[in-house]
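So the sequences go chain by chain: A and B. Per our numbering, the very first residue in the first sequence carries number 487; after that it's consecutive. Per our numbering, the very first residue in the second sequence carries number 136; after that it's consecutive.
The reader is advised that the hints may include incorrect statements.
EDC-like cross-link-like pairs, simulated, lysine to aspartate or glutamate; straight-line CA separation at most 20 Å [as the list claims (entries may be wrong)]: (1) B:K531 to A:E555; (2) B:K668 to A:E555; (3) A:K545 to B:E667; (4) B:K668 to A:E501; (5) B:K531 to A:D559; (6) B:K220 to B:E149; (7) A:K619 to B:D595; (8) B:K446 to A:E575; (9) B:K226 to A:E575; (10) B:K668 to A:E543; (11) B:K446 to A:D615; (12) B:K661 to A:E555; (13) A:K554 to B:E667; (14) B:K536 to A:E575; (15) A:K545 to B:E670; (16) A:K619 to B:D227.
Just so you know, these hints were derived from the structure itself, not from any lab.
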Amino acid sequence: MLEIKGLIKRYGNAEIPTVKGISFEVNDGEIFGFLGSNGAGKTTTIKCICGILPFDEGKILVDGIDMKENPHDAKLKIAYISDNHAVFERLTGREYVNHIANLYNTPKEEREKIINPLLDAFGLKQAYDRQIKSYSHGMKQKINVIAGLVHSPKLWVLDEPLLGLDPQSALELKNIMRQHAQKGNIVFFSSHILEVVESLCDRVGILNKGVLVDVIDLHELKKKGKSLEEIFITSTNKDVSYINKKFMRVKDHSEIKVDDKNADKKAFAIIHRVLNLK
Amino acid sequence: MNTVWKLFRLQIDERIDIFKKGKKWKVILPILSYIVLIALISLALTYAFSWFIRIGLYADSNLLAILLLFTQILSFAIALGSIIKNLYNSKDNDLLMSLPCSHNQIFLSKLLVIYAFELIANTLYTAPIFIMFGIITSSSVGYYFMSILFLILLPLLSLVLAGFFSIPLIYIVNKLKKNTTIASICLVLCVAVILGLYMFLIISFTDTIDFSSNQYTILRNVNNLISQIATYTVVFKGMAEGMLMVTGWWWKDLILLCVIGIFLLFTLLIVRKTYFKLSMKNKEMAYKTTLKPKFNQTMGAFRSIIVKEAKTLFREPGNIFQYFIFTLLMPFIVLLYDKMLFSITVNQTGQAMIVASHVLVVAILAMLSNMISATAVSREGGNFYITKMAPTSPRKQMNAKIVFNLIFTYSSLIVTMIFTAIFTDISFVHNLLCTIAVAIISLGHIITSIFIDLKKPVLDWYDSNEIEKISKSTRYSMLLALAFAFVMFLIVVVFAPTKHTIWPWSILISVVSCYTILMVLLYHFKINRLYEKVEN
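Working from the sequences, and respecting the hints, build out all of it.
Structure below.
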């Protein structure tokens, strides 16, 4: 199970955090879609879950292991497919996959059992011993998927996984995601393609300006005859700016000065409200 | 012409802020620093050459021709690299080709950009020579006028020559790109040839000039050598005579100008053809380097990181120059340096200075071999997330990078020690203790370089060659290397006159050990926290 409790992530000294105290759970065997407009905080949340970004407050538990307290064991259970297709381009596909497998300490027999069927499924066997710099975007995404699955992760996190894939490979990837979840693992992915999310996921979380505004059971939604698109538009249009005030920090009260006499009342009213909220 | 200018600005804006509005200080500050740097170099050169002139060096057209020859060899090398990188292999070729302008306009704008950067580089080291020469020969205004004219013309000459030689070279480079092993071997061979030539020149020079004789004999020999070499540098001799307005200069320079002009037109025509031919090629799939199929190999995370480092670095031949040039050259440079020093007859204090100078050079070169650690994190770039989310502690990952760096630095140090022991008169004890001291400080320097990079890593780059331009960590690490080496030199010089040979070495090894132990402790306690803070 993946448990996120009150996650807050702030970049640098920013007053308002990018991720504002979100909490949710994803059960074993579930495919969970993570939706939101551009800049909503999806990638930041994902990077916190994977231990790439440190976070300010909250808890992330992967299969019961706390990411902050025991990052090594938590990371052993995670695979992450980034949206930027970043790989060590000077390595061959084989070298890259094996390097990742080495980092996760995967035994030789196990990695061969996983790699070979995936190479066949993605039609990547011919290019496997070629340097990745000669791969197309789609091929880089495929080699990333193989490298991600080589240690059979409990939690598989994918950021925009279908970007740049041809229809055949996209279908293969969707099947692999389903199979991975059927084995009792968690598939957690972000996407802008609502049709894909609707057809693949069991539940979705909708993020709006760093606030988790909705967690929807798609099976329930289908029963009610509502479309995800409708819900998504309503959720992402909700005004969540009031939450920002909760995070405003007044570091040193003595430094607050109001020069404009006419602005006195208005300014004090705002400061008073902020301090009360804190 | 307006389009060419717009294209030119577009490419300049991509590299420097000179035309950007609202960034006055970002423009003024580099220009001021550039002028100050030229002034400082001019001052230093004038001071040094005035001394040589006072003791008998001839400041005539021969000397100016030789100085021009050396500066223009450097300009030629820079221009050749610039043409290959910014014309044929430029990443913006595809973008520029898609713009609504003719191919000739693109080509012309690219040449202007290359010329502009060549002018900046060439002026930096040629202008101080002209200024120095003008001052020591008390030249007339005409000389300075001619100097400005030649400062504008000289980069053109380098460009024409580099353009001509770049055509066969780019075909060789593109062929070699398909096989990085052969490329690396070729690069090492090239370095060996250059090194061989360098050694040949130094040995010939030291053979011609007997350093044990008095300074007047030495200078007489130098003057003879300069005049002999100058007779072969027809073009530069002509230029030098033109600048100094020696009788009959104008017709020689006129012929020279015509020859350069014709050669320029001819080169432009063939370079233009090659440029478009290469730019049209689909680069994405051009280099399908298939390596021999292997089996899936298992190894520990630590070893796997070292192997990954080696493969990613050595499969880019440019990296050999960028990161390993000092490692490769250290034994030879130290040997030549020692040979030259030992050819001078000195007293006991002089002997101590020679040993201290040996320490200085070995320390500088060994620590310059550590530049790779100054980009240990930045080099990961967009792939940093892979290492960040790996279930391997940051300390273990960085340890692998330190070991990778140490393998090369220590190998080079050991070879240097062996060369010094076999070919020079430095005593075995001095040689061994120097190697130990430098080996210790190298570890401290590597850790410091990693800390510098970790504090402000540059992960957002497109081309790995950009890292050193964007990141300041390499520069800081180099400065530290120079400072450390100088301190080591001072310790040996200051404590050498004492009775016991071992005394300066004990102090030196204690000081460098203290620093390195401190860095190791800091590394042990802080590395994980610093690494976790890095965000990408």
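How the hints compare with the structure:
1. The suggested pairing of B:K531 with A:E555 holds, with an alpha-carbon distance near 18 Å, which does not exceed 20 Å.
2. For the proposed pair B:K668 and A:E555, the alpha carbon gap of about 16 Å is at most 20 Å, so the pair holds.
3. Distance hint between A:K545 and B:E667 is fulfilled; the C-alpha atoms sit about 17 Å from each other, no more than 20 Å.
4. A threshold of 20 Å between alpha carbons decides the hint, and for B:K668 with A:E501 the separation of about 18 Å falls inside it, so the pair holds.
5. Simply put, B:K531 and A:D559 have alpha-carbon atoms about 15 Å apart, close enough for the 20 Å limit, and the pair holds.
6. Of the supplied pair hints, the one linking B:K220 and B:E149 holds, its CA atoms being roughly 15 Å apart against a limit of 20 Å.
7. In summary, the hint linking A:K619 to B:D595 is supported, as the alpha carbons are separated by about 18 Å, within the 20 Å threshold.
8. At roughly 10 Å between alpha-carbon atoms, B:K446 and A:E575 fall within 20 Å of each other, so this suggested pair holds.
9. The straight-line distance between the Cα atoms of B:K226 and A:E575 is roughly 17 Å, inside the 20 Å bound, and the hint therefore holds.
10. The hinted pair formed by B:K668 and A:E543 meets the criterion: a straight-line CA distance of about 15 Å does not exceed 20 Å.
11. At roughly 14 Å between alpha-carbon atoms, B:K446 and A:D615 fall within 20 Å of each other, so this suggested pair holds.
12. A C-alpha spacing of about 17 Å is found between B:K661 and A:E555, which places the hinted pair at or below 20 Å, so the restraint holds.
13. About 11 Å separates the Cα atoms of A:K554 and B:E667, which keeps this hinted pair within 20 Å; it holds.
14. Restraint check for B:K536 and A:E575: satisfied, since their Cα atoms lie roughly 19 Å apart, inside the 20 Å limit.
15. Distance hint between A:K545 and B:E670 is fulfilled; the C-alpha atoms sit about 19 Å from each other, no more than 20 Å.
16. Taking the CA atoms of A:K619 and B:D227, the gap is near 18 Å; set against the 20 Å cutoff, the hint holds.
No hint from the list above goes unmet by this structure.
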